[in-house]
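Spelled out from the first residue to the last, the chains are:
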Amino acid sequence: MPHSPPTAPVVTAPMLGLLAVLASAPLWLRAVGLYQYLAIEIVIWMTFALAHNLLLGHGGMPSFGHGAYFGVGAYAFGLLQQRAGAELLGGLAGAILCAALAGAVVAAFISHRRGIYYALLTIAFGQVMWFIAIKWHTVTGGEDGLLKIARPPLRLGGFEWSLVSNDAFYYFALGMFAAVVLFLWRLVHSPWGRVLRAIKQNEMRAAFVGYNVWLYKWSAFVLSAALSGLAGALFAMAQNSAYPNVMSLHNSGFVVMMVLIGGGLVSFWGPVIGAAVFILARDLLGAYTETWLLWYGLLFMAMVLFQPEGVAGAWRAWRQRRRTRAAMHGAARHVANNGGA
Amino acid sequence: MALFEARHLHKRFGRQVVLEDISLSIARGELHGIMGPNGAGKTTCFNVLTGRYRPDRGQVTFDGEDITGLSPRAVARRGISRSFQIMNLFDEYAAIDNVVIALPAVRVRGWSMWRDLARHGAAYDEAAAILQRVGLAGKEQVPSRSLSYGDRRALEIGVALAAKPKLLFLDEPTAGLGAEGTARLADLVASLKRELTIVIIEHDMHFLFGLADRVSVVHWGQVIAEGTPSALRANPWVQRSSLGGLAA
Chain A
1 MPHSPPTAPV VTAPMLGLLA VLASAPLWLR AVGLYQYLAI EIVIWMTFAL
51 AHNLLLGHGG MPSFGHGAYF GVGAYAFGLL QQRAGAELLG GLAGAILCAA
101 LAGAVVAAFI SHRRGIYYAL LTIAFGQVMW FIAIKWHTVT GGEDGLLKIA
151 RPPLRLGGFE WSLVSNDAFY YFALGMFAAV VLFLWRLVHS PWGRVLRAIK
201 QNEMRAAFVG YNVWLYKWSA FVLSAALSGL AGALFAMAQN SAYPNVMSLH
251 NSGFVVMMVL IGGGLVSFWG PVIGAAVFIL ARDLLGAYTE TWLLWYGLLF
301 MAMVLFQPEG VAGAWRAWRQ RRRTRAAMHG AARHVANNGG A
Chain B
1001 MALFEARHLH KRFGRQVVLE DISLSIARGE LHGIMGPNGA GKTTCFNVLT
1051 GRYRPDRGQV TFDGEDITGL SPRAVARRGI SRSFQIMNLF DEYAAIDNVV
1101 IALPAVRVRG WSMWRDLARH GAAYDEAAAI LQRVGLAGKE QVPSRSLSYG
1151 DRRALEIGVA LAAKPKLLFL DEPTAGLGAE GTARLADLVA SLKRELTIVI
1201 IEHDMHFLFG LADRVSVVHW GQVIAEGTPS ALRANPWVQR SSLGGLAA
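Going line by line, the protein sequences match chains A and B. The first sequence lines up with residues 1 to 341 when you count with our numbering. The second sequence lines up with residues 1001 to 1248 when you count with our numbering.
I should point out that these hints are in silico values taken from the structure, not numbers from a laboratory. Heads up, the beta-carbon is just placed ideally off N, CA and C, and yes, glycines get one too. Careful: at least some of the hints might be erroneous.
To be verified - Sample of chain A residues at the chain B side, in silico, Cβ under 8 Å: (1) H3; (2) S4; (3) H189; (4) S190; (5) P191; (6) W192; (7) R194; (8) N202; (9) V209; (10) P308.
To be verified - To spell it out: a stretch of chain B is covered by chain A in this simulated footprint if at least three of its residues, at any positions, have a beta carbon under 8 Å from a beta carbon of chain A; those stretches are: (11) 1010-1024; (12) 1067-1076; (13) 1087-1099; (14) 1156-1163; (15) 1220-1230.
To be verified - Per the computed footprint, the stretches of chain A lying under chain B, defined by three or more beta-carbons under 8 Å from a beta-carbon of chain B, are: (16) 57-69; (17) 210-220.
Next comes chain A alone, as it looks inside the complex (with noise of 0.2 Å):
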C-alpha cells in the first residue's frame, strides 16, 4: 500500500469550474444588473484575498495591515509608470518587487513574534506606510494622490492589446488572478507550504526538528506581500489612480473579513469567496442604505459567533453531514434487505 497521499492535480475542477464562471461573467453581468467595473473589482480583491490568506490561513500569521502592500503596489506601479516611464509589465514587476521589499523589511522586524504581538506590529508598520503616503507630498501627491495613471497596453511578441476598456482590462486582470490562483496551489502543497503548514500548528517543535523557523515565516510575509502588490497595481489601473485610503487601516481591516468570512482557514478557496461576497454586499446593499458596513458589520459579528469557519467551512459541513446521512441510509438499507436473512 503506497502511503504517500494522492498528489494535487496542477488543475482541479473548482478551479475551472471558477475561471468559466469569471470568463464568462461579461456575457452575463447586465443581465443579472451588475457591471463590468465591478467584475474587475472582484477579480482584483480576491487576488488580495488569497496573497492575505497565504499568511493568515495557511502560515497563521495575523496580518492586520496588509493594505499597506496593496497600497506600496498601487504606488510603485503609478510613480513608475509617471516617473521612470514604465510600460505595463516592467511595471507590475516593479510594483511586485517594490512591495515584496516593503514585506522583507517589516518582515524582518516581526517574524520572531507570534499572535497577539504580531498582529499589533503588523498593524503599526501599515499605518506608518499609511501615514508615509499621506505626508510625503513631493512623491505621493499626499491626500490626493497620484492621479491619472494610465492602462498601458498588454504587448507581446509583436501583438499588441488595449486594456483602456474595461472588458478587457478585465480579462487582462482574470489572467493574473488564475496565474495567481495556480502558483498559490502548487506553492501550498510543496514542501515549503506543508513546513510553513506545521509552523503554524507548533514552532517548537519545528524549530526542535531542525528547520529556521523565523526564515519560514519572512519567506512567506515576503511572498504574501509580493502578491498582494500585484493586486494593487492592477487595482491603481483599475482606478486609474492611486491614494492613501487604500493603505489605511479600514481596507486592512476589509481584507481580513473577506478571508474570515469566506473561509480562509479551512479551505483554499475561502477569501475567493470572501471577496466576492464582501464587493457584492457592497454593492447591492450600498445601492439600499449607506449604512451597508453596518449591516455587513453584524453579519461579520454572527458569522465568528456562529460560524466561525465561514462560507467553505459552512459548506463543508453541509456535504460531510450529507455524507453521513447517506452512508447511514446505505446501511440501513443493508441491515434491511440483510438483516432478516
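Please build the complex by placing chain B on the supplied structure of chain A, with the hints as guidance.
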C-alpha cells in the same frame, strides 16, 4: 570518549538558581537516566542541553564539538532529537505527516516551492517504517490530535526518531501513561537501546532502573549521585528519599 558532555552548567531565572552546577558525561551507545524530585531542575537541564535555553555558565560538547548556546535548530541538525514532557506535535497533521516533516530528506527540500510533497514517495515509505517501529502501523492517516494518549507519546518518539539522531532525549516519556502504556513504551525504548544513545528524564523508577545503564540523581540543581541502577539502590540518599522506596 564521551559522545555528549556537559560541564559545570549553571542557569538562573531572575533570582532563582535552577541549575547550580551540573556535569554529565554520556558515552556512545549508553542509556542514561536522569531522576530527581519535582522542581529539581531536570527539565531545565534538558532545555539547556538541547538548546532551548542558553546556560549562564558552563559548556556542552557533542561529538567533540562545543555546542553551548546553539539554537534548537542547530542542535537538532547536529543529530540530537528530543521529545517533550508536554506533548508537542503538529496536531492537524496525520501521524504520518508529523514524521514526514521531521525527516532530514524533507527538511533539505523544504525550500522547494513547486514540486508536490506527495511525490516524494520514498519519504512517506520511510515515515511509515518509523511509525511501524513505534507501534503505530495502521494509524498513519489518523490526525495526531485524534490519537489516544499512549499513541501520541509513541508518535512523539517517532517524530524524534525521524531525524535519525545520534542522541535522543526523552523528557518523562511515561508521564500520564497507565501500566500497560508504560510497559509498551519500555519495550520500545529497549528496542532502541544500543542503536542510539538515549537520555531519559523519568519519575517512574521501575521503568528507569529496568532500562538504564547509568542514572544521575539531580537535586537542588546539582548531580548528587551517579552510578549503575544496582549501585544507586545501595546509595544512602536514594534509600532515604521517597524515591528509594520505589526503587527497592
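A quick look at each hint next to the structure:
Taken as an interface hint, H3(A) checks out: its beta carbon lies about 4 Å from the nearest beta carbon of chain B, inside 8 Å. For S4(A), the shortest C-beta to C-beta distance to chain B is roughly 4 Å, which falls under 8 Å, so the interface hint holds. With a least beta-carbon distance of about 5 Å to chain B, the hint placing H189(A) at the interface is held under the 8 Å criterion. Hint on S190(A) holds. Least Cβ distance to chain B is approximately 5 Å, under the 8 Å limit.
Of the supplied interface hints, the one on P191(A) holds, with its beta-carbon coming within about 5 Å of a beta-carbon of chain B, less than 8 Å. With a cut of 8 Å, the hint placing W192(A) at the interface with chain B holds, because the nearest CB-to-CB distance is about 5 Å. With a least beta-carbon distance of about 5 Å to chain B, the hint placing R194(A) at the interface is held under the 8 Å criterion. Contact between N202(A) and chain B, as hinted, is supported at the beta carbon level, the nearest pair being about 5 Å apart and thus within 8 Å.
Against a cut-off of 8 Å between C-beta atoms, the interface hint on V209(A) holds, since the closest Cβ of chain B lies about 4 Å away. With a least beta-carbon distance of about 16 Å to chain B, the hint placing P308(A) at the interface is violated under the 8 Å criterion. Given a C-beta distance limit of less than 8 Å, the hint that chain A covers the stretch 1010-1024 of chain B is violated, as 0 residues qualify and 3 are needed. With 4 residues having a beta carbon nearer than 8 Å to a beta carbon of chain A, the stretch 1067-1076 of chain B meets the requirement of three or more and the stated coverage holds.
Restraint check on the stretch 1087-1099 of chain B versus chain A: 8 residues with Cβ-Cβ distances below 8 Å, three needed, restraint holds. As drawn, the stretch 1156-1163 of chain B meets chain A at 3 residues by the rule of a beta-carbon pair under 8 Å; at three or more, the given contact holds. Judged by the Cβ-Cβ criterion of 8 Å, the stretch 1220-1230 of chain B is not covered by chain A as claimed, because only 0 of its residues qualify and three are needed. For the stretch 57-69 of chain A, the assignment as covered by chain B is violated, since 0 residues bring a beta-carbon within under 8 Å of that chain's beta-carbons and 3 are needed.
For the stretch 210-220 of chain A, the stated coverage by chain B holds: 5 residues have a C-beta nearer than 8 Å to a C-beta of that chain, and at least 3 were required.
Going down the numbered hints, you'll see the structure goes against 10, 11, 15 and 16, while the others check out.
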